[in-house]
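Q: Take the given structure of chain W and dock chain X to it, following the hints.
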Amino acid sequence: MDTARAKPKVKLTIDGREVEIEQGATVLEAARKAGIDIPTLCYHPAVGPSGACRVCIVEVEGARTLVASCVYPVAEGMVVRTNTAAVRAARKTVVELLIAGHPQDCLSCERNGKCELQALARNLGIRKVRYNISDKEHREPDTSSPSIVRNPDKCVLCGRCVTVCRDIQGVGALSFAYRGRRTLVTPSFEHGLGEAKCTSCGQCSAVCPVGAIVEKDDTGVVWDALDDPEKHVVVQVAPAVRAALGEEFGMPAGTPVTGKIAQALHMLGFDAVFDTQFAADLTIMEEGHEFIERLNRRGVLPLVTSCSPGWIRYCEQFHPEFLDHISTCKSPQQMMGAVIKSYYAKIKGIDPSKIFSVSIMPCTAKKYEAKRPEMRTSSAPSQDVDAVLTTRELARMIRAAGIDFANLEDGEFDSPLGISSGAGTIFGVTGGVMEAALRSVYEILTKKTLGDVRFEAVRGFDGVRHATIDIAGTQVRVAVVHGLGNAGRFLAGTEDSPDRYHFVEIMACPGGCICGGGQPISLDPAVRQLRASVLYREDERKPIRKSHENVEVRRLYDTFLGQPGSELAHRLLHTAYGPDAARLAREDRAHSAAFGRQPMSAAGV
Amino acid sequence: MAVMSATIGTAACKCSCGSNAGKLVDDRFPKLDAIIAKYKGKPGALIPVLHEAQQLFGCLSEDVQDRVASGLGISPSEVYGVSTFYSFFTLRPRGKWKIGVCLGTACYVRGAAEVVEALKKELDIPVNGTTKDGRFTLEVVRCLGACGLAPVMMIGDDVHGRVRPEQIPEILKEYR
Numbered sequence: 001m002d003t004a005r006a007k008p009k010v011k012l013t014i015d016g017r018e019v020e021i022e023q024g025a026t027v028l029e030a031a032r033k034a035g036i037d038i039p040t041l042c043y044h045p046a047v048g049p050s051g052a053c054r055v056c057i058v059e060v061e062g063a064r065t066l067v068a069s070c071v072y073p074v075a076e077g078m079v080v081r082t083n084t085a086a087v088r089a090a091r092k093t094v095v096e097l098l099i100a101g102h103p104q105d106c107l108s109c110e111r112n113g114k115c116e117l118q119a120l121a122r123n124l125g126i127r128k129v130r131y132n133i134s135d136k137e138h139r140e141p142d143t144s145s146p147s148i149v150r151n152p153d154k155c156v157l158c159g160r161c162v163t164v165c166r167d168i169q170g171v172g173a174l175s176f177a178y179r180g181r182r183t184l185v186t187p188s189f190e191h192g193l194g195e196a197k198c199t200s201c202g203q204c205s206a207v208c209p210v211g212a213i214v215e216k217d218d219t220g221v222v223w224d225a226l227d228d229p230e231k232h233v234v235v236q237v238a239p240a241v242r243a244a245l246g247e248e249f250g251m252p253a254g255t256p257v258t259g260k261i262a263q264a265l266h267m268l269g270f271d272a273v274f275d276t277q278f279a280a281d282l283t284i285m286e287e288g289h290e291f292i293e294r295l296n297r298r299g300v301l302p303l304v305t306s307c308s309p310g311w312i313r314y315c316e317q318f319h320p321e322f323l324d325h326i327s328t329c330k331s332p333q334q335m336m337g338a339v340i341k342s343y344y345a346k347i348k349g350i351d352p353s354k355i356f357s358v359s360i361m362p363c364t365a366k367k368y369e370a371k372r373p374e375m376r377t378s379s380a381p382s383q384d385v386d387a388v389l390t391t392r393e394l395a396r397m398i399r400a401a402g403i404d405f406a407n408l409e410d411g412e413f414d415s416p417l418g419i420s421s422g423a424g425t426i427f428g429v430t431g432g433v434m435e436a437a438l439r440s441v442y443e444i445l446t447k448k449t450l451g452d453v454r455f456e457a458v459r460g461f462d463g464v465r466h467a468t469i470d471i472a473g474t475q476v477r478v479a480v481v482h483g484l485g486n487a488g489r490f491l492a493g494t495e496d497s498p499d500r501y502h503f504v505e506i507m508a509c510p511g512g513c514i515c516g517g518g519q520p521i522s523l524d525p526a527v528r529q530l531r532a533s534v535l536y537r538e539d540e541r542k543p544i545r546k547s548h549e550n551v552e553v554r555r556l557y558d559t560f561l562g563q564p565g566s567e568l569a570h571r572l573l574h575t576a577y578g579p580d581a582a583r584l585a586r587e588d589r590a591h592s593a594a595f596g597r598q599p600m601s602a603a604g605v
Numbered sequence: 001m002a003v004m005s006a007t008i009g010t011a012a013c014k015c016s017c018g019s020n021a022g023k024l025v026d027d028r029f030p031k032l033d034a035i036i037a038k039y040k041g042k043p044g045a046l047i048p049v050l051h052e053a054q055q056l057f058g059c060l061s062e063d064v065q066d067r068v069a070s071g072l073g074i075s076p077s078e079v080y081g082v083s084t085f086y087s088f089f090t091l092r093p094r095g096k097w098k099i100g101v102c103l104g105t106a107c108y109v110r111g112a113a114e115v116v117e118a119l120k121k122e123l124d125i126p127v128n129g130t131t132k133d134g135r136f137t138l139e140v141v142r143c144l145g146a147c148g149l150a151p152v153m154m155i156g157d158d159v160h161g162r163v164r165p166e167q168i169p170e171i172l173k174e175y176r
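For the protein sequence lines, the chains are W and X, in the order given.
Residue numbers for the first sequence follow the numbering used here, beginning at 1 and rising by one.
Residue numbers for the second sequence follow the numbering used here, beginning at 1 and rising by one.
It is possible that part of the hints are untrue.
To be verified - Calculated lysine to any residue pairs in the SDA-like style (CA-CA distance at most 25 Å, straight line): (1) Lys42/X to Phe318/W; (2) Lys447/W to Glu540/W; (3) Lys96/X to Asp26/X; (4) Lys197/W to Leu72/X; (5) Lys197/W to Asp33/X; (6) Lys197/W to Gly485/W; (7) Lys98/X to Gly485/W; (8) Lys120/X to Phe318/W; (9) Lys40/X to Ala492/W; (10) Lys42/X to Cys59/X; (11) Lys92/W to Gly51/W.
What the hints assert, rightly or not - Okay, the calculated beta carbon distance ranges per label pair: (12) Thr84/W to Asn128/X: 42 to 48 Å; (13) His51/X to Val79/W: 44 to 50 Å; (14) Val109/X to Pro73/W: 33 to 39 Å; (15) Ile47/X to Thr183/W: 16 to 22 Å; (16) Lys173/X to His138/W: 40 to 46 Å; (17) Ile47/X to Gln104/W: 34 to 40 Å; (18) Lys40/X to Ala406/W: 53 to 59 Å; (19) Ser497/W to Pro48/X: 31 to 37 Å; (20) Thr183/W to Asn128/X: 33 to 39 Å.
Bear in mind the hints are in silico, worked out from the structure with no lab data behind them.
Since the model is a prediction, treat every value here as computed from it, not as a measurement.
Glycine included, every Cβ here is placed at the ideal spot set by N, Cα and C.
Only chain W is shown next, with the shape it has when bound in the complex (with noise of 0.2 Å):
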């Protein structure tokens, strides 16, 4: 926003207030600056306007017509009112319109409390529509993508997510087709998006106002996992989700939830509480070793992070030609998945098949990545992680069992996969594995040990950062890309080529996982912000602060994966991406059976 600061500022009215802000503003930021609340549907902070829905409507002295302020620039002495009685009927008739055309269910709906167009009937006083839609084309939901379920029927063409998929994501699932009062928000030929071009990401589900796109609802398979005596149910919470559930429950964003979480899994009767930062400190080990290996042994460089299954859809449906430099590494999710039914259950005695293994997810990708055919490894006939949930659909679990979360005491995570180190904890924020490699990676090929662990450089939410740092007299470059848009340009090479980068770091989301498709929806700027202080405090506030020092991670290779990279390991926590997945998946084996790798520990560990 350094631009911005520099313009000249203009001073105008709003509602008999005098407001100063920079020339370029809109009239809605200059209102909310001044704390009036024009209500608003198709405006969001992080999409941009639009002025699709004329519900921020307002009166500006001298204009023709009653003006979107989404989009109405402010200038030097205009007087604009924003509640007077041509307003707010013009905006209660444009909400009727929008009502008249929306089906009402809204007490089964998945948004229902937590719906924008409910809030706006009801801010407005909404009493009565005087308008009926009632021969609105009927679509059947869209059921086709194992992360997202899209309702047409719902749809209020505010057009929020057909400008993320194809500005911020940069993917384009999502268009507006046909005109007038047939008007759809559609995949191209009207094919569900589980066929279309889609990522999974959900950013889509996060910034839709309405119910018409919500993450694939799997709670019911695991409360019947839950009432099934016969099964061992074992959870896993990623990083991202501590830093924002409690959002859901009325707390303010930034409050860490870690140890309610843990608290609360337990009283939904899960048997084990364990947590995927484990698993990131498990990747670290193994993605370090990858990257030192093909640093070491002139591989493809850079490697890329393989963490985020949206940017990994990404890579192989739109930039096939990279898949290379992507990381073999399982992400943690499918990590931990894979150590649940062979390590836990060999050390707990339980028969694999028996275990339920869930995950809590800030992302609607995973699910996908769950159902991934590679992702089955262990021994178990099941998927190695049989159901995922989003942020979102916990907070629903824990609601339905009538958890008073807000005033939980804290518990804890199980042992031994609930054991984490700081390194682990920043996954959930972009730039965040980067820096955790690098704390590893450093104090294995330089033997010191670093004064301090924080790599300030890789940190913020610039779209591509990049750092160099000397490790070991090698020149590391390092690039941190967030948002598939980002991403996409990146791998353009338009400004800066990638091949002049030793490691990147991928995230989907923009933000990275705090603010994935799966977390709560906020409409609060910043929120990235807070949630991300989450994690870096987090990780302050714990002893051990690189993955290479998580004890149970060292003792899970001492006493059953042998060394990073070993063939065991290579069996459960590697796999490969591309047109062939699996295929490669199985050469990747047979190569690390065939030649074995230079075991990390020889290098200190």
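A: The following block gives chain X in isolation, referenced to the frame of chain W:
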């Protein structure tokens, strides 16, 4: 919910997409690529490309649209959006003869609706449908600017005025 299934374009795609390599190759796709190359990089390229593609293929099938999308570097959904927005574009192949019956006010009050009914019955297709033999497509249009001849219909470029429903079989004979 796919709008189209078996069209000329689909059959062609099966040959050119690589999965059925060795079968007949539709030589219209290289022509389409040339059309795309002609407009690529120019602002507003999509509409003229679709226009020429429709001339070439007769309709904008999914394979044609996918080729246009990848050629212009935009998403297939965006191409679909534009092709469904403008009534000029069609996703299904149209018949050799396009019948347009005017349902403007003047034609309507002089019995155009009955003309449409007679055409539907005679051709055994709904409005916007195409006969199985690919000969006729029936459409309704707004004012053709020949209200003095109401009710008016056009078959191809021929104007037929003061049409009575019972004349329909006779008129169509010329085009069979």
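Q: If a hint holds in the structure, say so; if it does not, say that too.
A: Structure-based check of all given hints:
Note on Lys42/X and Phe318/W: the hinted pairing holds, with a Cα-Cα distance of about 23 Å set against a maximum of 25 Å. As the CA atoms of Lys447/W and Glu540/W are separated by approximately 23 Å, the hinted pair is consistent with the 25 Å bound. For the proposed pair Lys96/X and Asp26/X, the alpha carbon gap of about 21 Å is at most 25 Å, so the pair holds. Between Lys197/W and Leu72/X, the direct Cα distance comes to roughly 16 Å. Compliance with the 25 Å bound is thereby established for this hinted pair.
As the CA atoms of Lys197/W and Asp33/X are separated by approximately 22 Å, the hinted pair is consistent with the 25 Å bound. As the CA atoms of Lys197/W and Gly485/W are separated by approximately 14 Å, the hinted pair is consistent with the 25 Å bound. For the hint pairing Lys98/X with Gly485/W, the CA-to-CA distance comes to about 44 Å; that exceeds 25 Å, so the pair is violated. Taking the CA atoms of Lys120/X and Phe318/W, the gap is near 46 Å; set against the 25 Å cutoff, the hint is violated.
Simply put, Lys40/X and Ala492/W have alpha-carbon atoms about 18 Å apart, close enough for the 25 Å limit, and the pair holds. Distance check on the hinted pair: Lys42/X and Cys59/X sit about 23 Å apart at the alpha-carbon level, within 25 Å; holds. Between Lys92/W and Gly51/W the alpha-carbon distance is near 17 Å, which keeps this suggested pair within the 25 Å criterion. For the hinted restraint 42 to 48 Å between Thr84/W and Asn128/X, the CB-CB distance of approximately 46 Å keeps it satisfied.
For the pair His51/X and Val79/W, the supplied restraint of 44 to 50 Å holds, since their beta-carbon distance comes to about 47 Å. For the pair Val109/X and Pro73/W, the supplied restraint of 33 to 39 Å is violated, since their beta-carbon distance comes to about 49 Å. Roughly 18 Å separates the CB atoms of Ile47/X and Thr183/W, a value that falls within the hinted 16 to 22 Å. Between Lys173/X and His138/W the beta carbon distance is about 41 Å. The supplied range of 40 to 46 Å therefore holds.
Here the CB-CB span from Ile47/X to Gln104/W is close to 39 Å, well matched to the stated 34 to 40 Å. About 56 Å separates the C-beta atoms of Lys40/X and Ala406/W, a value consistent with the hinted range of 53 to 59 Å. Separated by about 34 Å at the C-beta atoms, Ser497/W and Pro48/X satisfy the suggested range of 31 to 37 Å. The beta-carbon spacing between Thr183/W and Asn128/X, approximately 18 Å, falls outside the hinted interval of 33 to 39 Å.
Checked against the numbered hints given earlier, the structure breaks hints 7, 8, 14, 20 and satisfies all the rest.
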